[in-house]
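Student: The chain contents come next:
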Amino acid sequence: MTQDRLNHRGNRFSFEELLTHCGDVSSCYWQIAWAEFENRYDRFIYKKIAERCAAMRPPRLCLQFSATVEDILSEMKVTLLKHDCRALRNFRGKHSETIFLAWLKQIAHRTTRAYLQRNYKEYFSETETMSLDFVHCADQQNEGQARREAFQEIVASLRSLAACNARNTERDINIFLLYTLSEFNADMFMSHPLFKRIGHRVVDNVVNRTRDRLAQSSDLRN
Amino acid sequence: MPHRNMRLGQAMAYLAELSPPTKPKGGDLSDSKVLYIEVLEQEMRRIREQGEATSIIGSHAGSCCDKNAGIDGDEAFFLSCLVVGEGSVEQSEVVASFMEHLNNCYACFCAFSEVFRDYYQQRMTLGDKSLPS
Ligand SMILES: [Zn+2]
Ligand SMILES: [Zn+2]
Numbered sequence: 001m002t003q004d005r006l007n008h009r010g011n012r013f014s015f016e017e018l019l020t021h022c023g024d025v026s027s028c029y030w031q032i033a034w035a036e037f038e039n040r041y042d043r044f045i046y047k048k049i050a051e052r053c054a055a056m057r058p059p060r061l062c063l064q065f066s067a068t069v070e071d072i073l074s075e076m077k078v079t080l081l082k083h084d085c086r087a088l089r090n091f092r093g094k095h096s097e098t099i100f101l102a103w104l105k106q107i108a109h110r111t112t113r114a115y116l117q118r119n120y121k122e123y124f125s126e127t128e129t130m131s132l133d134f135v136h137c138a139d140q141q142n143e144g145q146a147r148r149e150a151f152q153e154i155v156a157s158l159r160s161l162a163a164c165n166a167r168n169t170e171r172d173i174n175i176f177l178l179y180t181l182s183e184f185n186a187d188m189f190m191s192h193p194l195f196k197r198i199g200h201r202v203v204d205n206v207v208n209r210t211r212d213r214l215a216q217s218s219d220l221r222n
Numbered sequence: 001m002p003h004r005n006m007r008l009g010q011a012m013a014y015l016a017e018l019s020p021p022t023k024p025k026g027g028d029l030s031d032s033k034v035l036y037i038e039v040l041e042q043e044m045r046r047i048r049e050q051g052e053a054t055s056i057i058g059s060h061a062g063s064c065c066d067k068n069a070g071i072d073g074d075e076a077f078f079l080s081c082l083v084v085g086e087g088s089v090e091q092s093e094v095v096a097s098f099m100e101h102l103n104n105c106y107a108c109f110c111a112f113s114e115v116f117r118d119y120y121q122q123r124m125t126l127g128d129k130s131l132p133s
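So the sequence lines, in the order shown, correspond to chains A and B. Each residue of the first sequence is one higher than the last, beginning at 1 in my numbering. Each residue of the second sequence is one higher than the last, beginning at 1 in my numbering.
It is worth saying that the hints were derived from the structure and are not from the lab. Remember, predicted model here, so these are calculated numbers, not experimental data. A few of these clues could be false.
If we take Cβ atoms under 7 Å as the criterion, some of the chain A residues that face chain B in the derived model are [claimed, not checked]: (1) Phe151; (2) Val155; (3) Arg171; (4) Ile173; (5) Met188; (6) Ser191; (7) Leu194.
Heads up, the beta-carbon is just placed ideally off N, CA and C, and yes, glycines get one too.
Using the sequences and the hints given, assemble the complete structure.
Tutor: Pasting the structure below:
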């Protein structure tokens with residue numbers, strides 16, 4: 001199953017394999033899988049933490065901004081590695097990198113808030129204490145929340161990327177959402193009264209084109 | 001009139017099978033399920049004959065269901081999708097506008113996915129030969 005050659009993005013593992021190996025400390029690929037994980041997602045996580053720090057703007061933060069972000073990043077890693085990587089093992093959206101990114105973003109934001117509240121006590125009120133429990137229970141509510149966020153982000157990104165006056169923009173976004181978030185396959189589209197006349201080819205094209213577009217946009221990946 | 005043991009998408013799969021519409025040939029179906037399918041079939045025929053499919057879908061078009069009711073549980077809406085899918089009705093504009101609502105509204109998106117997932121799975125179970133293999 002694991003390829004020895006690198007695929008076109010320079011990755012050794014498919015997304016699903018990567019998560020499986022990262023979540024399995026007994027896997028002989030565990031270490032290289034984590035190295036690849038950092039390669040693929042550290043920049044994304046870093047950016048989400050930095051955004052959150054910038055948004056919360058505690059007064060002294062600007063003096064040590066990047067050191068703080070690095071700190072939060074390693075704190076988040078600790079969370080992910082806790083209990084033999086239970087969070088990754090329990091993560092149920094393994095079929096979808098988009099859901100995974102939304103989930104990572106959620107953890108990055110919460111870790112950042114928890115960190116800033118702890119280190120800038122005088123600035124933040126005690127009323128809200130952030131809990132990171134949700135990372136480990138992976139219950140349906142959080143999965144639902146990550147899916148909802150992924151849904152909204154995909155729609156917003158694709159609308160902003162669409163050429164103006166493009167025909168079928170909304171239809172294509174919808175096809176992509178059904179494909180990524182609801183796991184519709186080609187046969188399901190072909191049996192669907194509103195999509196069957198579009199044809200198999202078009203559905204494939206829409207999915208591939210949209211995926212490339214999202215990958216190129218900085219919104220979800222950088 | 002939702003049925004306790006049969007989901008809308010599943011019943012719709014029987015409707016798609018019955019062309020021309022006849023009584024469901026399900027010896028394995030309980031009487032109440034057969035009744036449910038028949039009621040839906042009558043409603044679908046009414047929508048087809050009155051030419052209402054487009055306007056029913058149109059009532060969910062464009063804006064988010066903050067203003068309109070959502071599609072969840074709206075049998076007439078889903079039956080209208082089937083009617084439009086039969087191909088005799090022009091679908092483009094209204095459907096495009098409905099897609100916009102779906103992209104704005106996570107709740108309706110979920111309802112839409114679920115009904116048509118049930119629909120597809122039931123049609124596979126029925127061994128529908130008109131489906132691509
Ligand atoms: Zn809605
Ligand atoms: Zn809505």
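Student: Can you name, in rising order, the numbers of the hints this structure does not satisfy?
Tutor: Per hint list: zero violations.
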